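The whole structure should be built from the sequences, with the hints applied where relevant.
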Amino acid sequence: MIEYAISRLDNSSKIQKGDIYRYYGMSRQAFRKGVLKLEQERRMMELIAEEVSRHRNIKDRRAGSRTLYYNLEIGSRYSIGVSKFEELMSEYSLTLSVVKTRLITTRSTALSRKYKDLIKGLIINNINQVIVGDLTYIYIDNRVYYLFSLFDYYSGRMVGCHGSDRMRKQEAMEALEQFIRLRGVKRIQKTIHHTDGGSQYFSHAYLKKGKMMEFSVAENCLANGYAEQRNGLIKAHFLPLINGESLKSFQQGVQYIKDEYNNRRQEKLGWLSPIEFEEKWQKAPEEKRPKKQIYNYEESN
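According to my numbering, the residues represented by the sequence shown are 549 to 849, in order.
Some clues are possibly wrong.
Straight-line distance between alpha carbons at most 30 Å, and here's what the computed DSS-like set of lysine-lysine pairs gives [stated by the list, open to error]:
hint	residue 1	residue 2
1	Lys756	Lys734
2	Lys816	Lys828
3	Lys632	Lys607
4	Lys840	Lys662
5	Lys783	Lys607
6	Lys828	Lys607
7	Lys757	Lys662
8	Lys796	Lys668
Here are the simulated distance ranges between beta carbons [as the list claims (entries may be wrong)]:
hint	residue 1	residue 2	range
9	Lys632	Ala753	28 to 34 Å
10	Tyr626	Leu770	36 to 42 Å
11	Gln830	Glu589	40 to 46 Å
12	Lys816	Met760	25 to 31 Å
13	Glu589	Gln800	46 to 52 Å
14	Tyr626	Glu725	41 to 47 Å
15	Lys632	Lys839	18 to 24 Å
16	Arg614	Arg716	24 to 30 Å
17	Gln718	Gln588	55 to 61 Å
18	Met760	Ser631	30 to 36 Å
The hints are simulated quantities; they were obtained by calculation from the structure and are not laboratory data. Bear in mind the structure is a predicted one, so any value in this text is a computation, not a measurement. Positions of the beta carbon are idealized from the N, C-alpha and C atoms, including for glycine.
In structure tokens, the structure reads:
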């Protein structure tokens, strides 16, 4: 505004530049400092915009401002606070639009009706106490693929995942076997395995493979909300980045996503990655570990 007012002055005008600065309550020196600061900010945001674009194209398609701030270490590299960074992301049109998603559920099996929801309202303070699973789908390169995922409820770590172009019990068991290999049979005795009532999870073969665990079934989508939310995040942020020209390339991409997700810092974990969160609290005495209470949809009604 000041620059525009000054540009309108001509030699016949009785108004001087100093009058304009005084009118806006600013000295010429302060104005120049402000212009310099804005120019520095513009150059900084040009660099940040390039990093944001690269990160979203390679690592996380739907990375939000706060996630970018911590994972790109913006604070230490550019000496800027998270609130100011979020403001600048909005000012420079680098924020994301809201994505609408639709829910599809797996078909329950009669066998799953024998099981109850064992986790609603449960308080946990360690890994391997509860794992949750879900199945999602995505269209890539004109093909439909399915992703079976298992997450440790305490740390949010993806402990098993398998991509396929089919959704049979064999595919679900691939994710389960990854979890067993990762944790070891002795460490998952009495772990609660919680999913919806999908036939893949309650087939005789699957139940036999996970016989060391206790099986729990969600009574509705709210009761398996954590797993569906995690899979929704994977679907929106990571899956669009991978190659789906063949099943092999999709499966390779899924393993890359697993590593990327497990090493990405998350707000709900105090801006630690799931792996860092596990490492930190495994060293702490049990009484000092943070507790998490699992959502009980019945109490909220």
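Outcome of the hint check:
About 16 Å separates the Cα atoms of Lys756 and Lys734, which keeps this hinted pair within 30 Å; it holds. Distance restraint check for Lys816 and Lys828: the Cα-Cα separation of roughly 15 Å lies within the 30 Å cut-off, and the hinted pair is therefore satisfied. Using a Cα cut-off of 30 Å, the hinted pair Lys632 and Lys607 holds, with the two alpha carbons roughly 24 Å apart. Annotation: proposed proximity of Lys840 to Lys662 holds, straight-line Cα distance about 27 Å (limit 30 Å).
For the hint pairing Lys783 with Lys607, the CA-to-CA distance comes to about 13 Å; that is within 30 Å, so the pair holds. At roughly 24 Å between alpha-carbon atoms, Lys828 and Lys607 fall within 30 Å of each other, so this suggested pair holds. Taking the CA atoms of Lys757 and Lys662, the gap is near 18 Å; set against the 30 Å cutoff, the hint holds. In summary, the hint linking Lys796 to Lys668 is not supported, as the alpha carbons are separated by about 38 Å, beyond the 30 Å threshold.
Against the hinted window of 28 to 34 Å, the Cβ-Cβ separation of Lys632 and Ala753 comes to about 54 Å, which falls outside the hint. With their beta carbons about 41 Å apart, Tyr626 and Leu770 fall inside the hinted range of 36 to 42 Å. Against the hinted window of 40 to 46 Å, the Cβ-Cβ separation of Gln830 and Glu589 comes to about 42 Å, which satisfies the hint. One distance hint, 25 to 31 Å for the beta-carbon pair Lys816 and Met760, holds here, with the actual separation near 29 Å.
Roughly 41 Å separates the CB atoms of Glu589 and Gln800, a value that falls outside the hinted 46 to 52 Å. Between Tyr626 and Glu725 the beta carbon distance is about 44 Å. The supplied range of 41 to 47 Å therefore holds. Restraint check, Lys632 to Lys839: a C-beta distance of roughly 33 Å breaks the suggested window 18 to 24 Å. For Arg614 and Arg716, the hinted distance range of 24 to 30 Å is not satisfied, since their beta carbons lie about 39 Å from each other.
A C-beta distance of roughly 57 Å is found between Gln718 and Gln588, which places it inside the suggested range of 55 to 61 Å. A hinted range of 30 to 36 Å for the beta carbons of Met760 and Ser631 is inconsistent with their spacing of about 47 Å.
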